[in-house]
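Participant: Each chain, letter by letter, is given below.
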Amino acid sequence: MRTYLEFEKPIAELDGRIQDLKQMDTQSGVNVAEEIERLEAKADQLLTDTYGKLSRWQKTLVARHAGRPHFSDYAASLVDDFTPLAGDRSFGEDAAILGGPARFRGRSIMLIGHEKGADTSSRVKHNFGMANPEGYRKAIRLMEMAERFSLPVIMLVDTPGAFPGRGGEERGQAEAIATCTDKSLSLGAPVISVIVGEGGSGGAVALAAANKILMLEHSIYSVISPEGCASILWKDAAGKGDNKAPDAAEAMRVSAQDLLELGVIDGIIHEPLGGAHRDLTQMIERLGDAVETAIEELEGMSPAGLRKHRRDKFLAIGRNGLT
Amino acid sequence: MNWLSNITPPGIKNIFKRTDESADTLWVKCNDCGDMVFHRDLEAGQQVCPSCGFHMRIAPEERLKLLYDESGYTLIDLPDPVADPLKFRDEKKYSDRLKDYRKKTGYQDAMIVAVGNIDGLGVVTAVQNFAFMGGSMGMGLGEALLKAAEEAVMRKHPLVVFAASGGARMQEGILSLMQMPRSTLAVQMVRDAGLPYIVVLTHPTTGGVTASFAMLGDVHLAEPGALIGFAGPRVIEQTIREKLPDGFQRAEFLVEKGMVDLVVHRHDVRATLSRLLHVLTKDGAQSAKPKSVVALEPPTRLTPDLTMIDKAAE
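Sequences listed follow chains A and B, in order.
Position one of the first sequence corresponds to residue 1 (the working numbering), numbered consecutively onward.
Position one of the second sequence corresponds to residue 1 (the working numbering), numbered consecutively onward.
Treat the hints with caution; some may be incorrect.
Within a straight-line C-alpha distance of at most 25 angstroms, the following computed SDA-like cross-link-like pairs (lysine to any residue) qualify [stated by the list, open to error]: (1) K125(A) <-> G188(A); (2) K65(B) <-> E242(B); (3) K313(A) <-> E237(B); (4) K308(A) <-> D266(A); (5) K65(B) <-> G225(B); (6) K103(B) <-> K147(B); (7) K313(A) <-> L86(B); (8) K156(B) <-> L315(A); (9) K93(B) <-> W234(A); (10) K22(A) <-> L273(A); (11) K243(B) <-> L86(B); (12) K282(B) <-> V264(B); (13) K308(A) <-> M189(B); (14) K257(B) <-> R166(A); (15) K235(A) <-> E91(B); (16) K99(B) <-> R57(B); (17) K104(B) <-> L121(B); (18) K313(A) <-> K282(B); (19) K257(B) <-> G67(A); (20) K235(A) <-> K87(B); (21) K147(B) <-> K29(B); (22) K156(B) <-> Y73(B); (23) K308(A) <-> K156(B); (24) K42(A) <-> G67(A); (25) K93(B) <-> K125(A); (26) K282(B) <-> L262(B); (27) K29(B) <-> K93(B); (28) K29(B) <-> A44(B); (29) K147(B) <-> R166(A); (30) K99(B) <-> D236(A); (31) K235(A) <-> G134(B); (32) K99(B) <-> I232(A); (33) K240(A) <-> E237(B); (34) K235(A) <-> L26(B); (35) K235(A) <-> A83(B); (36) K87(B) <-> D242(A); (37) K308(A) <-> F91(A); (38) K93(B) <-> Y73(B).
If you're looking for bench data, these hints aren't it; they were derived computationally from the structure.
Note that this is a predicted model, so its numbers are computed, not measured.
Produce the entire structure from the sequences given, and follow the hints as far as they go.
Facilitator: Here it is in structure tokens:
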């Protein structure tokens, strides 16, 4: 069963009719193949139109779609020989951030990323992709290991944000995020980050201080969730029960296209028609192509060269091309 | 004019006339204990409440005056990045908000940078201004901190940052978030140059500021009672659906948890920084006796004074 988003209602209706016709076709023997073909073409067109002009809030919903490929899907299909490693060697294991060495199209790499989980029990296990300090410290540990063995680091970002909990604060959530960003920025190995779903605030930045930052076409990356922003800046409306999150998403310009225009990211990976959740295999393949190109571009660089590349890239953000 | 003013002689009127120094500005209510403090006492006490020791907000330039030698300090010109790149508008236009705060505070943005001497040692200081949009971190702040780092490296001076912030400036969207890695680069520049970087965490320091440059110091000092954390207490309480204990995320709590080195009373901040910086930079010349050295409390006697016992025995 496909989960349709609110704005996909017309598409859901068409898909429903196609399903009914297909059933009729097999059960009654009445030939409706032509009609099915016509409706399928119409559904494709509707999907193209709808996804061609998603609002920033609609993109937010797509970015959070439960059926979207998650870290575990990439770990299973993007790479071979993935060994998940656990623990920060200090406090514990945090399943909100997963990672380990793997082989990617013949190269040894370190794969790290947020895992949100796909159903209720796995979501709870992975804390909805909201990491605690241990998660960031595990990421630091894996980055250091990658540097020792000169492995490119590939990070997949998909988090609503770092977990705002009591234990996390006690164990230095802020310090863990800061040090993770610090480590990533100073690493002597290539770092490539892809925002695959939701890039939520500091919890995302910690895994996105990279040489190359890519985003999936309908992913979002923002300083605060649209809901959070709305509750602070549209206090009056929020008090009256108005949902101002769509306005906040527009005002903050959270889409991949916005970020490319603002000079924050390096490229956009196109999603299959109707979003990544409609064709996981194709999505993972496309992400692989983009990551491979990025690795090839960085491969010849020295550790010092990689550090300088990263530094120059972040220093340039906001200095050029804005009006 | 009412009937009273018509019948009261002018001399008496003058006695009751409100002057510019009205009661509102002469007496300040302590945010913590509620005591009314005379403004001169508050100023003399560096905005620390004489009744309860609560550290009230202090203006950035007042902070610099207290920190540097009598020879003073020089404010560093800061870059002026594109204002309002997103043309952000919520219930109010961001460009108007910026204008209002600039007019109200007299500052361009939420951080100022200065250079001067502390007991003869050259130090670059960046001070966050909570009064300017909650000390929020946007492009202006990122550029200010980068400038401070460049200045420190160029002059071979240590860098001190006084942090105070509600977090990132949402109105600059992703560009404000990008100040987390960018401010981290500022720290790396100072570190790579082998210069000390000390953070003084003041009330409150939260969000993206804590989760970047404010938690990357060689040394973390904090003023008593300062709220320091990643998520704000209200957000945590809403998430975990329980009340947080008293003192949670306060400076003293962070020392206990290993995130802050020392809680330092505002009156001792200068002396502590001077001592640390002189030792870390191996600058011995001026450090023998910092001007405002803190007198140590005499040790409490655990055993009775023997001479007293002798006397009693006589």
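Participant: Next, verify each hint and record whether it holds.
Facilitator: These are the hints, each one checked on the structure:
1. K125(A) <-> G188(A): 33 angstroms, violated
2. K65(B) <-> E242(B): Roughly 42 angstroms separates the two Cα atoms, so the pair is violated.
3. K313(A) <-> E237(B): 38 angstroms, violated
4. K308(A) <-> D266(A): 16 angstroms, holds
5. K65(B) <-> G225(B): Given that 25 angstroms is the threshold and the Cα spacing comes to 23 angstroms, the pair holds.
6. K103(B) <-> K147(B): Status holds; Cα separation ~23 angstroms.
7. K313(A) <-> L86(B): 20 angstroms, holds
8. K156(B) <-> L315(A): OK: K156(B) and L315(A) at ~21 angstroms, within 25 angstroms.
9. K93(B) <-> W234(A): 12 angstroms, holds
10. K22(A) <-> L273(A): 22 angstroms, holds
11. K243(B) <-> L86(B): 37 angstroms, violated
12. K282(B) <-> V264(B): 22 angstroms, holds
13. K308(A) <-> M189(B): Between K308(A) and M189(B) the Cα gap is close to 12 angstroms, so the pair holds against 25 angstroms.
14. K257(B) <-> R166(A): 12 angstroms, holds
15. K235(A) <-> E91(B): 9 angstroms, holds
16. K99(B) <-> R57(B): 22 angstroms, holds
17. K104(B) <-> L121(B): It is violated: about 34 angstroms lies between the C-alpha atoms, which goes past 25 angstroms.
18. K313(A) <-> K282(B): Violated - the C-alpha atoms of K282(B) and K313(A) are around 35 angstroms apart, more than 25 angstroms.
19. K257(B) <-> G67(A): Not OK: K257(B) and G67(A) at ~40 angstroms, beyond 25 angstroms, violated.
20. K235(A) <-> K87(B): 20 angstroms, holds
21. K147(B) <-> K29(B): Violated - the C-alpha atoms of K29(B) and K147(B) are around 37 angstroms apart, more than 25 angstroms.
22. K156(B) <-> Y73(B): 16 angstroms, holds
23. K308(A) <-> K156(B): It holds: about 21 angstroms lies between the C-alpha atoms, which stays within 25 angstroms.
24. K42(A) <-> G67(A): Distance ~23 angstroms between K42(A) and G67(A) Cα, so the pair holds.
25. K93(B) <-> K125(A): Outside the cut-off at roughly 42 angstroms; violated.
26. K282(B) <-> L262(B): Given pair K282(B), L262(B) holds - Cα atoms ~21 angstroms apart, limit 25 angstroms.
27. K29(B) <-> K93(B): Measuring from Cα to Cα gives roughly 33 angstroms; hence the hint is violated.
28. K29(B) <-> A44(B): 16 angstroms, holds
29. K147(B) <-> R166(A): Not OK: K147(B) and R166(A) at ~35 angstroms, beyond 25 angstroms, violated.
30. K99(B) <-> D236(A): Satisfied, since the Cα-Cα distance of roughly 22 angstroms is no more than 25 angstroms.
31. K235(A) <-> G134(B): The given pair, whose Cα atoms are some 17 angstroms apart, holds under the 25 angstroms limit.
32. K99(B) <-> I232(A): This hinted pair holds, its Cα atoms lying about 20 angstroms apart.
33. K240(A) <-> E237(B): 23 angstroms, holds
34. K235(A) <-> L26(B): This hinted pair is violated, its Cα atoms lying about 34 angstroms apart.
35. K235(A) <-> A83(B): 24 angstroms, holds
36. K87(B) <-> D242(A): Since the Cα atoms of K87(B) and D242(A) sit roughly 23 angstroms apart, the hinted pair holds (cutoff 25 angstroms).
37. K308(A) <-> F91(A): This hinted pair is violated, its Cα atoms lying about 33 angstroms apart.
38. K93(B) <-> Y73(B): 36 angstroms, violated
Hint violations for this structure: numbers 1, 2, 3, 11, 17, 18, 19, 21, 25, 27, 29, 34, 37 and 38, all remaining hints satisfied.
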